[in-house]
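Asks: Listed below are the residues making up each chain.
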Amino acid sequence: KQEVTQIPAALSVPEGENLVLNCSFTDSAIYNLQWFRQDPGKGLTSLLLIQSSQREQTSGRLNASLDKSSGRSTLYIAASQPGDSATYLCAVRSGMGTSGSARQLTFGSGTQLTVLP
Amino acid sequence: DAGITQSPRYKITETGRQVTLMCHQTWSHSYMFWYRQDLGHGLRLIYYSAAADITDKGEVPDGYVVSRSKTENFPLTLESATRSQTSVYFCASSENIAANEQFFGPGTRLTVL
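Chain order of the listed sequences is A and B. Just so you know, we're using my numbering here: the first sequence kicks off at 1 and counts up by one. Just so you know, we're using my numbering here: the second sequence kicks off at 1 and counts up by one.
For the record, the hints were derived by calculation from the structure and aren't laboratory data. Treat the hints with caution; some may be incorrect.
Said to hold, decoys possible - Below 30 angstroms or equal to it, Euclidean Cα-Cα: the simulated DSBU-like pairs (lysine-lysine) are:
no.: 1; chain 1: B; residue 1: 57; chain 2: B; residue 2: 70
no.: 2; chain 1: A; residue 1: 68; chain 2: B; residue 2: 70
no.: 3; chain 1: A; residue 1: 42; chain 2: B; residue 2: 70
no.: 4; chain 1: B; residue 1: 57; chain 2: A; residue 2: 42
no.: 5; chain 1: A; residue 1: 42; chain 2: A; residue 2: 1
no.: 6; chain 1: A; residue 1: 42; chain 2: B; residue 2: 11
no.: 7; chain 1: A; residue 1: 1; chain 2: A; residue 2: 68
no.: 8; chain 1: B; residue 1: 11; chain 2: B; residue 2: 57
no.: 9; chain 1: A; residue 1: 68; chain 2: B; residue 2: 57
no.: 10; chain 1: B; residue 1: 11; chain 2: B; residue 2: 70
Given the structure is predicted, the values throughout are model-derived calculations rather than measurements.
Chain A with its partners taken away, still in its complex shape (with noise of 0.2 angstroms):
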């Protein structure tokens, strides 16, 4: 069974700081992997989403990276700001098997980022 994992849990840092979010997972037989962003009492937000045969994704100011065989993947966000602060989420749609259910997404836990003004 596919788990996701997120590290740190929380982060703060100061604006205009650059700063990586890490996401682990356990089956790197994915198909996909993809970064969401989630504001308090708000949907989720997708950002980048990297195909398997892909090594990074790249979206303004974030750059995303998969590293499939050591089940890896960051996300970089260059010169933070306020607005950032949110949760990030990790998802990683797993690849074998026929079944529909082996092919859903299985998020990590989040990290909640804060930049400070």
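Given the coordinates of chain A, assemble chain B onto it according to the supplied hints.
Replies: Relative to the frame of chain A, chain B by itself:
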């Protein structure tokens, strides 16, 4: 409005009552999903649907019923609500199960007293 919507946004009910949470998407996505989010457990899949009239269980289906008579709607019913079903429920949709992103609704906060 385009996108994925959920109703109600907040619901308080009592143990034993039937509750239905609604989800509607305007993209004509084939796949729709229901998750619950709880502290300490993250998001867990309850049920999903590959198309109209096709549904399947996720990780935590017990106590829940779904239907999908139309592509755009995917209601989730708690037949006899229990306190352990107090949670935030998210609906999501995806164009297909493979390469595409999942898009999430704003969530329904359900409290069972």
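Asks: Does residue 1 of chain A sit within 30 angstroms of residue 42 of chain A, going by the straight-line distance between their CA atoms?
Replies: 28 angstroms, holds
Asks: Would you mind confirming whether the straight-line C-alpha gap from residue 42 of chain A to residue 70 of chain B stays at or under 30 angstroms?
Replies: 26 angstroms, holds
Asks: Keeping to a limit of 30 angstroms between CA atoms, is the pair of residue 68 of chain A and residue 70 of chain B held or broken?
Replies: 37 angstroms, violated
Asks: Between the alpha carbons of residue 42 of chain A and residue 11 of chain B, is the straight-line distance 30 angstroms or under?
Replies: 15 angstroms, holds
Asks: Would the pair residue 11 of chain B and residue 70 of chain B pass a check requiring their Cα atoms to be no farther apart than 30 angstroms?
Replies: This hinted pair holds, its Cα atoms lying about 24 angstroms apart.
Asks: Is the straight-line distance between the alpha-carbon of residue 57 of chain B and that of residue 70 of chain B 30 angstroms or less?
Replies: 18 angstroms, holds
Asks: With a cut-off of 30 angstroms on the C-alpha distance, tell me whether residue 57 of chain B and residue 42 of chain A pass.
Replies: Answer holds: residue 57 of chain B to residue 42 of chain A is near 25 angstroms, not above 30 angstroms.
Asks: For a C-alpha distance cap of 30 angstroms, please report whether residue 1 of chain A and residue 68 of chain A respect it.
Replies: Distance ~16 angstroms between residue 1 of chain A and residue 68 of chain A Cα, so the pair holds.
Asks: Is residue 68 of chain A within 30 angstroms of residue 57 of chain B, Cα to Cα?
Replies: 27 angstroms, holds
Asks: For a C-alpha distance cap of 30 angstroms, please report whether residue 11 of chain B and residue 57 of chain B respect it.
Replies: 24 angstroms, holds
Consistency note: the structure conflicts with earlier hint 2 alone.
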